Amino acid sequence: MDIFLAAGSSLFLLIGSFLCLSGGLGLLRFPDFYTRMHAVGVTETLATAMILIGLMLQSPDALVLLKLMVILIMTLFISPTASHALAHAALQNNLVPKLNKQNDNEEVTPSNP
Amino acid sequence: MLIAAILAVFIVMVIAIVRGFMGPTLYDRILAVNMFGTKTVLLISLLGFMMGRPEFLDIAIVYALINFISVVGVLRYSDSSVFKHHNKQK
Amino acid sequence: MGHYNYWIVVVLMMIGFYIVIAHGNLIKKIIGLGIFQTSVFILYISMANVEGGTAPILAEGISRYSNPLPHVLILTAIVVGIATTALGLALAIRIKQAYGTIEEEEIQKKDNLDC
Amino acid sequence: MLAHLPVLQVIVPLLAAPLCLFLTRSRLVWVFALAVSALAFLISCLLLQQVMSSGTIIYELGGWEAPWGIEYRIDPLNALLLLIITGISTIVLLAAHTSIQQEIPEERHTFFYILYLLSLAGMLGIVATGDAFNVFVFLEISSLSGYALIALGKDRRALWAAYQYLIMGTIGATFILIGIGLMYQMTGTLNMEDLSKRLPEVEHTRTVFTAYAFIIVGICLKLALFPLHLWLPNAYAYAPSIVTAFFAATATKVAIYLLIRFTFSVFGLTFSFTALPLQILFLTLGLLGIFAASTAAIYQKNVKHLFAYSSIAQIGYMIVGFSVSTTTGLMATLLHLFNHALMKSALFLALAAVVYRIGSVQLSQFHGLGRQMPFTMAAIVIGGLSLIGVPLTVGFVSKWYLIMAVIENGWWPVAVLILLGSLLAVVYVWRLVEAAYFKPPLPGRDTIKEAPLSLLIPVWILVIANIYFGIDTRLSVQVTQAASMSLFGVSP
Amino acid sequence: MVTAIAIVRLKDLFAVIMLSGIYSLLSASFFVTMDAVDVAFTEAAVGAGISTLLLLVAITMTGRAEHPDRHKPILALAVVTVTGGLLIYGTFDMPYFGSGQAPVHLHVAPRYINDSMTEVGVPNIVTSVLASYRGFDTFGEVVVIFTAGIGVLALLSVVPRPVTIAKINSLNDSLHEQHLILRIVSKMLLPFIMLFAFYVQFHGDYGPGGGFQAGVIFAVAIILYAMLFGMITARRVINQSFIQLIAAVGVLLYGSIGVVALLNGKNFLDYSVLSDDPIAGQHLGILLIELGVGLTVASVMIIIFFSFAGRRDYLRHLNDNSKGSNNTSC
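Chains as they are written, first to last, in the working numbering: chain Y, 1 to 113; chain R, 1 to 90; chain E, 1 to 115; chain V, 1 to 492; chain Z, 1 to 330.
To be clear, the hints were calculated from the coordinates, so they are not data collected in a lab. Heads up, a few of these hints could be off.
Capping the alpha-carbon separation at 30 Å, the derived lysine-lysine pairs in DSS-like fashion look like this [unchecked claim]:
(1) V:Lys-154 - V:Lys-449
(2) E:Lys-110 - V:Lys-301
(3) V:Lys-154 - E:Lys-110
(4) Z:Lys-187 - V:Lys-197
(5) V:Lys-301 - E:Lys-109
Here are some chain V residues the structure puts well away from chain Z; computed CB gaps all over 12 Å [as the list claims (entries may be wrong)]:
(6) Met-52
(7) Gly-63
(8) Pro-67
(9) Ser-119
(10) Ala-292
What follows is a list of derived Cβ distance ranges for each label pair [unchecked claim]:
(11) Z:Asp-277 - E:Arg-64: 47 to 57 Å
(12) R:Leu-7 - Y:Gln-92: 50 to 60 Å
(13) R:Leu-7 - Z:Asp-277: 23 to 33 Å
(14) E:Gly-61 - Z:Asp-277: 48 to 58 Å
(15) Z:Thr-33 - Y:Asp-2: 24 to 34 Å
(16) Z:Phe-92 - E:Asp-111: 24 to 34 Å
(17) Y:His-38 - Z:Pro-191: 43 to 53 Å
(18) Y:Ile-73 - Z:Tyr-206: 37 to 47 Å
Values in this document were obtained by computation on a predicted structure and should not be read as measured data. Glycine is no exception: its CB is placed at the ideal position from the N, C-alpha and C atoms.
Using the sequences and the hints given, assemble the complete structure.
Okay, structure coming up:
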């Protein structure tokens with residue numbers, strides 16, 4: 001039994017780490033804000049869940065399990081909400097998505113003091 | 001395995017810092033901070049397990065919370081004229 | 001491990017200190033002050049660390065704990081830090097209202113005009 | 001209850017502060033604060049008496065013995081400081097109600113008294129404690145309330161002054177924190193008594209040297225010693241008059257106390273004066289401070305600025321006495337500390353009375369006031385004479401001891417310089433006298449009346465104390481002698 | 001760690017604040033790896049949470065661009081180099097990092113580690129040192145926070161304008177439109193946050209946490225509410241003068257525990273008098289003073305935030321009024 005738990009936990013952790021890394025890569029390489037947010041928002045939720053589940057399988061007692069559950073639930077709520085709010089706010093404040101390559105110049109000029 | 005996961009999270013944290021530094025828009029920075037916060041939560045829980053003291057999870061919960069609240073705070077106050085001004089220069 | 005940990009702390013401290021004295025913007029100064037203080041906290045916490053020790057919460061089967069006293073001191077110091085930050089920001093807001101700017105040089109210019 | 005006096009000294013004002021929030025009317029709060037301050041004064045008198053008769057009092061907070069818990073340690077030096085602080089605070093509070101009517105908006109009066117009590121409690125806490133970290137905590141209580149009090153001033157420059165003070169003060173406090181941390185790292189203890197026992201073992205290390213340097217610089221920032229004094233004049237000039245009177249008499253004194261305490265009791269004399277070229281450094285800085293600040297004072301147009309610069313100069317005198325580092329020198333410092341508190345609070349309170357009547361402290365506005373406000377101006381003149389060091393005033397006593405100490409050490413040139421510094425004081429006091437007595441009143445200002453009694457009485461209490469302690473020096477000399485003896489007795 | 005910090009030299013204040021938030025999180029993670037769990041807890045809640053929020057509110061009032069011209073950076077650089085050099089010089093004789101033989105670990109601390117269980121009876125050593133051995137420091141800390149609250153009030157308090165119900169409703173609606181999802185999720189989370197705050201408050205004896213952290217978390221919950229449902233609504237739930245009194249009550253609760261000890265003939269803050277059994281007395285004492293700390297911290301944090309946000313609304317109101325008559329703004 002233990003060996004299954006350990007293996008399962010490792011598997012989950014591995015998947016989580018991979019997702020994490022891919023999300024990070026997306027954050028770094030994607031061209032504009034919305035795509036970057038997409039990369040982060042999608043992977044982050046899943047990666048966090050994976051890693052937390054991996055840890056849950058290792059947890060020694062009930063209290064720890066409970067706390068991990070709390071964290072998981074909170075991330076599941078918070079992460080998409082935050083992403084949504086962020087995108088919403090960005091759109092409302094006239095940040096234009098970069099849809100095609102024609103207007104490739106900076107969509108927002110940094111403020112020059 | 002834990003170590004590998006910690007390493008992965010750590011790398012992503014560095015990436016988030018880079019993005020937070022580069023900008024270019026306000027929202028990129030918020031995104032980076034948000035992501036950084038989530039990853040810190042993960043890092044702390046992983047570290048707690050690695051050191052064999054899972055009591056650390058309390059801190060992770062606080063981090064998740066604080067992260068959420070700072071994002072809300074940023075968004076709530078980013079509708080003020082100070083921020084709009086920046087974006088309307090275009 | 002040697003001392004390199006302390007050196008990093010010193011560098012951080014000095015960056016914060018530099019921001020405080022070299023920058024003219026009042027808010028930036030307060031942020032610098034925060035960094036300066038946080039680095040001092042790191043200094044304290046580093047000295048509390050023992051190799052092979054764990055968090056100072058008594059548990060069975062653990063005999064090496066890191067030193068709790070600096071932790072206590074820093075808890076107090078963090079509180080002092082946030083208190084200072086809050087007061088400093090409150091002052092900055094009032095200054096902005098009274099002078100219309102939060103740049104040190106402009107404030108001094110306006111003061112000289114007053115005299 | 002007598003055994004608990006040391007802690008009561010601090011917690012009475014500390015607990016009274018939040019209680020003020022429950023009182024509704026500002027007059028009631030004033031009476032309450034005054035009563036609390038008077039009670040604290042009474043306690044400090046009792047403490048001084050106890051210390052003089054039975055020696056150092058040790059009080060263990062929480063019932064934990066010293067290196068593990070925090071202890072209060074009252075010796076003659078602390079007792080003297082406690083007496084000065086509570087005494088001045090009580091007299092200044094007596095005048096507060098009338099003075100702040102004009103300077104602070106009505107709805108902030110309660111906050112003013114709370115902050116005042118907190119600041120008082122903070123200073124008392126710094127002085128009474130025997131634990132290095134506790135010093136930091138109470139330092140922050142007193143300085144945070146100090147920043148807020150200064151910012152309550154009417155002029156917008158008060159805000160800027162308070163901000164500058166906040167930055168400088170926090171840097172100073174953080175430096176002290178670093179110093180305490182380094183000391184702790186080398187010795188593993190925070191208790192001052194314990195530190196002084198354990199420091200000699202490690203005193204040759206570079207870390208202890210650094211710790212000492214940081215603590216000294218941090219304290220000097222708070223002290224407004226000459227090159228680090230920039231925050232002081234503005235803070236004093238634009239704060240509400242009452243606050244200025246209180247701080248000028250106490251805040252820098254507390255910093256001097258810390259300097260003495262760390263140098264003599266914690267690090268020990270031999271270390272302090274051999275590790276750094278401290279003696280020559282302080283002597284030069286002190287003398288430079290006297291001259292630079294006195295000269296600056298001569299050119300000030302604002303009388304509050306004038307006296308603020310004179311404060312910096314007086315700090316210079318204290319530092320000179322300190323740098324002599326003999327019993328007499330230290331005694332001179334402590335005497336001057338006591339006397340300067342008396343004269344500066346008298347002067348600034350008198351200025352508060354002037355502000356109350358004419359709403360300004362520009363020198364040009366003083367013309368003819370000598371006839372219109374005779375009592376107030378007489379008080380200012382006596383205070384000024386005391387600053388110069390004319391016989392029969394307290395200023396004379398301390399200068400006398402200072403010169404004696406310097407000559408004992410054979411530093412003749414320094415003695416001459418000190419006398420020259422006093423001449424500069426003559427010049428700036430004369431400018432004030434000239435304006436007040438020898439210039440005709442400004443047109444349209446015939447109706448200025450004498451300040452109300454509620455302001456005059458505290459001023460004159462202080463002035464009479466100025467003269468009384470100038471003639472009858474038994475009490476002050478006896479206490480300061482005991483204090484400096486005990487410091488030299490403790491340190492090897 | 002150095003990387004994060006070298007960044008904090010940007011001109012845009014907003015970016016600086018974001019980065020200082022990251023810096024705070026980073027140092028908190030560092031505290032965790034250094035086994036300072038309680039400190040990490042507090043730093044996260046305070047540094048990354050409260051102070052970031054306060055800074056944000058502040059820059060909405062003061063503007064976010066920093067002027068490029070700086071004065072005498074060379075002098076500043078010199079001062080910094082000298083101090084830094086002195087510190088580095090000081091580090092050479094320090095005991096090595098992590099060394100168990102350092103004086104820090106040999107002199108005072110062993111008693112806390114070995115005997116606190118029998119003397120105070122609380123597994124979390126940090127709590128027992130904080131609340132019992134060095135209880136007076138903590139009392140000072142509570143007073144510092146109280147001072148800051150009163151100071152901010154003295155500086156920023158404005159008399160709230162009377163507002164009509166209709167205006168509240170319209171404001172409410174506009175917020176509702178803007179932040180619909182946020183509001184719903186937050187509403188769901190709020191009770192949990194408060195529950196968690198209570199858990200932290202009373203679990204401080206056994207794990208990381210205690211009055212201070214709990215107070216901050218509680219305050220954060222209220223702040224969240226205030227941000228999403230408008231200041232006016234929040235003010236109606238939590239009245240300004242009421243919260244001031246709570247802050248005072250916290251300090252007084254702490255102090256009165258000490259006074260009770262005094263009246264019973266023991267020294268100030270000696271909790272063993274609170275019960276027949278000294279250990280139980282210590283336990284009770286710690287519980288009560290943590291409660292006092294929690295009350296004061298929570299209410300002062302709320303006071304500070306409300307004053308900031310209240311000032312902001314007030315300024316905005318002034319601006320709206322003055323825009324019609326004159327448009328001279330800087």
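Hint numbers contradicted by this structure = 4, 7, 8, 9, 11, 12, 13, 14, 16, 17 and 18
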